[in-house]
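**Student:** The chain contents come next:
Protein chains: 4
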Amino acid sequence: MMKLRMAMIGGGEGSFIGPVHRMAARLDGMIELVSGAFSSDTEVSIKTGTALGLDKARIYGDWREMLHKESILPEEIRPHFVTVVTPNYLHYAPVRMALESGFSVVCDKPLCLDTAEAEDLLDIINNTGQLFCLTHNYTGYPMVKKARELVSSGELGEIRMVIVEYLQGWLSDAVEAAGNRQAVWRVDPERAGIAGAMADIGTHAFNLAEYVTGLEISEICSDLSNTLPSRVLDDDGSVMLRFSNGTRGTLVASQIALGEENNLTIRVYGSRGSLTWRQMDPNSLVVMWPDRSTQHFRTATTFDEMGTLSGFHSRLPAGHPEGFIEAFANLYRNFALHLSAKLEGKDHDNRFDYPGIIEGIRGMKFLEAVVSSSDKNSEWVAI
Amino acid sequence: MMKLRMAMIGGGEGSFIGPVHRMAARLDGMIELVSGAFSSDTEVSIKTGTALGLDKARIYGDWREMLHKESILPEEIRPHFVTVVTPNYLHYAPVRMALESGFSVVCDKPLCLDTAEAEDLLDIINNTGQLFCLTHNYTGYPMVKKARELVSSGELGEIRMVIVEYLQGWLSDAVEAAGNRQAVWRVDPERAGIAGAMADIGTHAFNLAEYVTGLEISEICSDLSNTLPSRVLDDDGSVMLRFSNGTRGTLVASQIALGEENNLTIRVYGSRGSLTWRQMDPNSLVVMWPDRSTQHFRTATTFDEMGTLSGFHSRLPAGHPEGFIEAFANLYRNFALHLSAKLEGKDHDNRFDYPGIIEGIRGMKFLEAVVSSSDKNSEWVAI
Amino acid sequence: MMKLRMAMIGGGEGSFIGPVHRMAARLDGMIELVSGAFSSDTEVSIKTGTALGLDKARIYGDWREMLHKESILPEEIRPHFVTVVTPNYLHYAPVRMALESGFSVVCDKPLCLDTAEAEDLLDIINNTGQLFCLTHNYTGYPMVKKARELVSSGELGEIRMVIVEYLQGWLSDAVEAAGNRQAVWRVDPERAGIAGAMADIGTHAFNLAEYVTGLEISEICSDLSNTLPSRVLDDDGSVMLRFSNGTRGTLVASQIALGEENNLTIRVYGSRGSLTWRQMDPNSLVVMWPDRSTQHFRTATTFDEMGTLSGFHSRLPAGHPEGFIEAFANLYRNFALHLSAKLEGKDHDNRFDYPGIIEGIRGMKFLEAVVSSSDKNSEWVAI
Amino acid sequence: MMKLRMAMIGGGEGSFIGPVHRMAARLDGMIELVSGAFSSDTEVSIKTGTALGLDKARIYGDWREMLHKESILPEEIRPHFVTVVTPNYLHYAPVRMALESGFSVVCDKPLCLDTAEAEDLLDIINNTGQLFCLTHNYTGYPMVKKARELVSSGELGEIRMVIVEYLQGWLSDAVEAAGNRQAVWRVDPERAGIAGAMADIGTHAFNLAEYVTGLEISEICSDLSNTLPSRVLDDDGSVMLRFSNGTRGTLVASQIALGEENNLTIRVYGSRGSLTWRQMDPNSLVVMWPDRSTQHFRTATTFDEMGTLSGFHSRLPAGHPEGFIEAFANLYRNFALHLSAKLEGKDHDNRFDYPGIIEGIRGMKFLEAVVSSSDKNSEWVAI
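Protein sequence lines correspond, in order, to chains A, B, C and D. Under my numbering, think of the first position of the first sequence as 198, with each following residue one higher. Under my numbering, think of the first position of the second sequence as 198, with each following residue one higher. Under my numbering, think of the first position of the third sequence as 198, with each following residue one higher. Under my numbering, think of the first position of the fourth sequence as 198, with each following residue one higher.
It is possible that part of the hints are untrue.
One copy or two, either will do: identical chains are not told apart, so a pair holds if it fits within one copy or between any two.
[What the hints assert, rightly or not] Distance condition first, Cα-Cα at most 25 Å in a straight line; then the derived BS3-like pairs of lysine-lysine: (1) K253 - K562; (2) K244 - K543; (3) K200 - K253; (4) K244 - K539; (5) K266 - K539.
No wet-lab data here; the hints were simulated from the structure.
The whole structure should be built from the sequences, with the hints applied where relevant.
**Tutor:** This is how it looks when you write it as structure tokens:
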């Protein structure tokens, strides 16, 4: 495959997710960062880009300028795609312009601020024919692929109940007041949107539940809370779920669960088998059966019972732990495979999947429903 | 202390909980089973009692007869208390008559069929002055005592969020149709009452949440489900919780969570610390802090940080796993300590606690609220 | 079956193992303690026996007196067996006299002080026809039974390598100097014998390895250490193992492994499967296969793949943790089943096994070999 | 810092460790692969190098040719260092020539075939002043750094006992006979050297024990085994350890431990604290204390109790699992930091450490001792 060139919007010094995207893009040697508007503060942008070894001419303080200038570069140096890693409120405009400037796009989640924006992006994607990846990165873990496969193959039977949770503790205190850069924008409705924890991590949980089960959540009933009174947006919330096929479940997302690091866990109970996957132990998938002992599937074992799908998404034999960066890199790798295949006029093997605009729209609808239900004292609201 | 004599109602051959009560009563050598009406089938009762080494004269086929005859025995052989281990529908009447016949009582949970019955029993207990223990046995685990202590001492700060769940998988299939004796009565509204899984195990989860936090759940919003259409009662349900002090939470109880054995887990998140306790690993209590590494408290370590409360409730030094029977026996032991102190005119150290009628009434109110909320398509209902 | 009467030697106030034996004997309702010489200090013995509710006439300060007097009691009140729970140096004489007085015997481990004593006891057992149980209690765990079964059935193939370890930390400090009663005699060669940690816990590890594998350890090469210079006996030691069939392995026993509670772990690697069992998580048995995912067997699941042997040795369905006391009680239960069958002239189902004199002799030989090898700067010594 | 250019010897198609080195070198964006002799089969080398996007002119079929030609390239494109990822027998010559050609070197472990070769390399390194990194990659894990720090700071007190093990199961069957490329050379004395499992993974365990404890192992007593009779070299072995300060321990290395993935575990017991680290759960470090509950340290928490050393070696906040590749990359990163500082005439912060020639010599001495001891039927042999 061809090596792809990437431009980045956001991710300047002090960013958390920017470096993650860069490491993920770098890991498999398929992608080269060639330009960036890392910050609206030109000095910060230059400092970041220089440290990354970029040509100064291709470091920008304004993403509009970057998209414009980079789009008219000669084909052999022009970026193939743009990665957007800014706060939520600054997703829609850059993604839109990047697409319209002839770039494929990778964008951090959640997609944007509302369903209207999201559907607008869908139209533009459809019209431009560009590829689009939304980094719901947890679906990149090999054992999440395996989980999805166990459900879709019918091995777990009919799915009856789902428990998904994403618990963090880092907003237990008002760290935003102390200037924690990651916190400041996440608790600010102007920059984060209509939801706090639900937008930041609840959408991951929602996405994971739909990805693993292959089902749509059709109705939700929620109770959101701003545990710290100083906050406007939710920092904790519970949601009861009804899926279109009658499956029930719960989703909990909290950033005030003191002591939790990054506890994203999904449990899926079926009529013939059940599974548990925990991001904190990502290379294991626990599968329970009615008639034999619980099995612990592991990333990259060579047994025939291991699905090929998970095998495709690991790099090393079993016992060599692959973590967050590798899972994130799986999205970049699959996106790169797809994009290079497209550019070379080849077919893409769609088992190498990645989340896109549809998942982005689902996320927006989920957020609107979850806020609406909570506002109505926990009425059931359709998604 | 004096050795106490016990009579038993229920627990005949094929019973699950009867033998548990007997082992629990036996473990610490404080209690002797002296008589029983183990089954309404006299032959079964005699067979059970004989196998237990009882005097034939004190084995009965009718519990009313037993209560009557045993109550007029001479003081030196008369039972000190009666244990009721029948299905739910058959709690109220025997408990009532036992109390009125001058016996203290141990009763399996849930207390009875509704709040009216429960409050009636409260009156009788108050009037007779007899002691009453309701076997919400999970509160007998040393690490549950420790958990309660960590909250009540303020070490965890203000409690903000609670997640409690009790998951089993044994009703994933319609085992009642195949004659599973434990299942048959539990899925039958005549014998189980207004709720299925919520009565059988949800009340344990509810009780555990209130016991550990020392808080009252004031409002609930629930979604119950009879996953197997052949069932009338719930076999799975989700509940959102609001506590009187503003704490929020969720409770899930399911008996169709295929593969789960007896997964009762509580997580309590506070402003200064958080805890997790799992019945499947009962001798550990995981406590998370904002400013130092997670600690794994263990039953019966000798460290000064171990609360005396948990120390009192273990029998062996750390590393000698104590399980379900030992925890159950802690209720019997504390009840026996209380009863013998009362009979000997001594004071009881109330750190040796056990659940009683108040917990029984709370359970009834919880069940009524949870069913009512679900019937109203998940309106919030006060408890 | 008939209820059996038990007399006890040792186990007075302050004893650790005495109460364990009593709880274990009590749990299943098959055995009644009727008499005891709990301490050579008559007052202590009376205090202990009285607290246990014994008839004062049957509480003794001298075990010889007890054995004599109890042996001539009428058949209907005479004890059926005697339990010896004194320190090591005080096993041989009481066991011998008990057997010769017509009692079957349960004795704590290690059997005695040397092979000569052990073989003498074998002769007496053979001559008297009494039953004898040595409480290598860890073999009573259901999952240890299952482990043995997996090996003996050939499911793991040829056994190639064994790692067994028993790690404790309670002798990390010189607690004997502070008067810790359990420590004082264990570090004293007069009372403990030729070995310290190896006698106290190494023999358990050795016994477990031979029990699970069904193989004999034929040669050992050891390096013992008295980590605390104030000690004469080993408090820590490593042993390399060769089994009679060529299997290799290691055994580590330490009481200075600070922080370890009671970490007895065995791992057995075969040509077709491997297993791990940990006393700290006793209801799980992890089994690894070459061609499918690791399985976690659990006590008392109902799956057909669970061996009946483990099922026989649990009391409750899966998910109700059974611990140290229950495993210990399994030895008492099996011994009681055997003894009552013998007394009633019935056959005993030998799947209900318990360790006896042969295991006691093996333990003595192991200790002699392990000390000898270490003394010879780790030469291989045959057992 | 400056971006460094790397040449590679070995790592052609089908290599396991070659791609690991490349991902590790790539992850942090400090190093660029510019040339390679990936295979002695020129076609394979070209295919590999082309897929990696290298300039064809800088892909070689002969490593001598590469070292020669690359060494005379202009400064601005000449590699700064050479990475050697060939089988053991092909380490010495390329490392030597690379050093003598003016390159710093990264080399896979074990260093070479014997102590003589190793000491020769030491001389050359000293004479040339080039930097040298030996990829005992497990020391790159943040929690291994933390472990070392806990020991060196004295928090664990005096170290008394060490248990280290490295267990794999992939050579349980004679996969070499079936052509498994990784197995074929590892079981061949011509290519692997005097030891099999001990060289391949035992040296990692040995290195980890010395790294974490900061102590030297001075004497060993071993029992090696070729479990599969078709093998000449050990595939399993036990070693008893004596450290120079009197600490004792055991080391087990096996590649026939069926079912084990990559179970490298170290336990260090001190007089004031103990620790356990497991490669299979690499982001946790369990620390046990005499007077408070066990703590689970975690990679990259922000608590002040976390050593800065581990913090320096992680990339993401706690809860974002970092695995094998990240740990491996820490060696490359530290080596790159050191090399670029040297090239820029700056000081290197030696907390950013990596294993080098000294560790390589220790490994050779260990292998010679362990083979010698086993050959002498387990005599103690000094290292």
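**Student:** Are the hints correct? Go through all of them and say.
**Tutor:** To see whether the hints hold, each was checked on the structure:
no.: 1; hint: K253 - K562; in the structure: neither (41 Å within a copy, 51 Å between copies)
no.: 2; hint: K244 - K543; in the structure: between (39 Å within a copy, 21 Å between copies)
no.: 3; hint: K200 - K253; in the structure: both (21 Å within a copy, 16 Å between copies)
no.: 4; hint: K244 - K539; in the structure: between (34 Å within a copy, 23 Å between copies)
no.: 5; hint: K266 - K539; in the structure: within (24 Å within a copy, 38 Å between copies)
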